[in-house]
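Those protein sequences? They're chains A and B, same order as listed.
First residue of the first sequence? That's 1 in UniProt numbering, and the numbers climb one at a time after it.
First residue of the second sequence? That's 1 in UniProt numbering, and the numbers climb one at a time after it.
I should point out that these hints are in silico values taken from the structure, not numbers from a laboratory.
Take these hints with a grain of salt, some might be off.
According to the in silico footprint, chain A covers these stretches of chain B (three or more CB under 8 angstroms from chain A) [claimed, not checked]:
id, segment
1, 11–20
2, 47–60
3, 89–103
4, 116–126
5, 178–184
C-beta atoms are modelled at their ideal positions from N, C-alpha and C, and glycine is treated no differently.
In case you want the letters, here they are:
Number of protein chains: 2
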Amino acid sequence: MNDARRKFKRETADQRKEALIQATLSLVAEKGVRGATVRAIAERADVTQGLIRHYFSTKEELVTAAYETHMTEMTDLTFTIAAKVQGTARDHLAALVRTSLEPPVADPRAVALWASFLNKVQQDAQMKATHERTYADFRDRLQDLIRAALDEAGQSVSDTRLHHLATACNGVIDGLWLEGGALPDAFAPGELPGIGVESVGAIIGLDLEQRANQP
Amino acid sequence: MNDARRKFKRETADQRKEALIQATLSLVAEKGVRGATVRAIAERADVTQGLIRHYFSTKEELVTAAYETHMTEMTDLTFTIAAKVQGTARDHLAALVRTSLEPPVADPRAVALWASFLNKVQQDAQMKATHERTYADFRDRLQDLIRAALDEAGQSVSDTRLHHLATACNGVIDGLWLEGGALPDAFAPGELPGIGVESVGAIIGLDLEQRANQP
DNA sequence: TTCGTATTTATACACTTGCATAATTACGAA
DNA sequence: TTCGTAATTATGCAAGTGTATAAATACGAA
Numbered sequence: 001m002n003d004a005r006r007k008f009k010r011e012t013a014d015q016r017k018e019a020l021i022q023a024t025l026s027l028v029a030e031k032g033v034r035g036a037t038v039r040a041i042a043e044r045a046d047v048t049q050g051l052i053r054h055y056f057s058t059k060e061e062l063v064t065a066a067y068e069t070h071m072t073e074m075t076d077l078t079f080t081i082a083a084k085v086q087g088t089a090r091d092h093l094a095a096l097v098r099t100s101l102e103p104p105v106a107d108p109r110a111v112a113l114w115a116s117f118l119n120k121v122q123q124d125a126q127m128k129a130t131h132e133r134t135y136a137d138f139r140d141r142l143q144d145l146i147r148a149a150l151d152e153a154g155q156s157v158s159d160t161r162l163h164h165l166a167t168a169c170n171g172v173i174d175g176l177w178l179e180g181g182a183l184p185d186a187f188a189p190g191e192l193p194g195i196g197v198e199s200v201g202a203i204i205g206l207d208l209e210q211r212a213n214q215p
Numbered sequence: 001m002n003d004a005r006r007k008f009k010r011e012t013a014d015q016r017k018e019a020l021i022q023a024t025l026s027l028v029a030e031k032g033v034r035g036a037t038v039r040a041i042a043e044r045a046d047v048t049q050g051l052i053r054h055y056f057s058t059k060e061e062l063v064t065a066a067y068e069t070h071m072t073e074m075t076d077l078t079f080t081i082a083a084k085v086q087g088t089a090r091d092h093l094a095a096l097v098r099t100s101l102e103p104p105v106a107d108p109r110a111v112a113l114w115a116s117f118l119n120k121v122q123q124d125a126q127m128k129a130t131h132e133r134t135y136a137d138f139r140d141r142l143q144d145l146i147r148a149a150l151d152e153a154g155q156s157v158s159d160t161r162l163h164h165l166a167t168a169c170n171g172v173i174d175g176l177w178l179e180g181g182a183l184p185d186a187f188a189p190g191e192l193p194g195i196g197v198e199s200v201g202a203i204i205g206l207d208l209e210q211r212a213n214q215p
């Protein structure tokens, strides 16, 4: 008769929230937002479903928090990796493009998440704001790198032209990122970053593929 | 007391199936596959839910049929529009790129559908096959146009190189298509086709933006 | 060690979901 | 016109959904 009650451990609020968010992200990537049910999330986080209510007053709130976490992590990851590269401005630009199109940034799971969230992003104001913020962040950074690389090559361009170049390069990078994550088998290893560097270089009129000297 | 039974009209099987499929697609675009419930689909098609069972033995079957219809329509649409252009091989290539990145092909709804279906496409064998077939169709066609344009310009390339160029251009086009549909406000009208033509031209080494003479 | 309380589990509820089945009705064939 | 039957509606059901609330327990403070 002793239907032993489940044992549990008390965690800090941050740890539990993080665990619930990660469980949510993995389920959203697999089955979409509606497929990530409260019960499934609780199970994956190894917790009973009532606990979710204790940390997030609603499923909507959990999903929004998960999206925010994911987007921030992605942006940070990209910039962190790319920032490690030493060299000329041209090298920096090439590195950002490469980083954006290689694992762990370019990754089927990340694209699956992007796709799963798209509906909600288009309808929920808060998620839309998060999306636009991270998008603008990336694009401004890219624009700065393009300007620096062109300066370095002795080329000056108007602000209008620079804006156009950044939009074009950003579109190509994001597009290839999506494409690579959606069809990982359509490209040979390393092919996607190569296409990205080639395309971005062609658009702005610099050869990004030739590396500067490195010791 | 006379809870008048709902009046109805008998339609042909094809008409009803088509109506149900269109209702399904519009709901999937808005709310994802799980959000497109049998009851919501029936309501949008102005029919009671039991009827769906009469034409499709399961919701899965309806969703699969809807996906197939959508993908086929998209491919046909793209090729049909692009094929109307007269001119040189270079013009044909430019037209395909432009068509792919303009309405009605490039369109937020189409991208929303793509995103909503992504999960299922990756998991369901039949949908995966449909996806790969339409993808390969487009890419082969693109490759032929690239070869013709290069021939015309007196340039010959190896098969390996041609394959790489087609992959790169296809990635850029699909990527920009996704990007444009996901962020319709990020680009000025006509900007996206311009970026596409510019990028594809840069990748293959031809200026696609200069039109051949047209009467 | 005891005790208080925030954390966690357990249970329940109202509603939605896909699917099944019985009851009606429109419409072509005779 | 009548009549048969396929098309359509109406109703029901078991499983799954998000959320609410009460009961139990781990663990730091005293």
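Check your understanding: What hints, given by number in increasing order, does this structure fail?
Key -> Hints 1, 2, 3 contradicted; others consistent.
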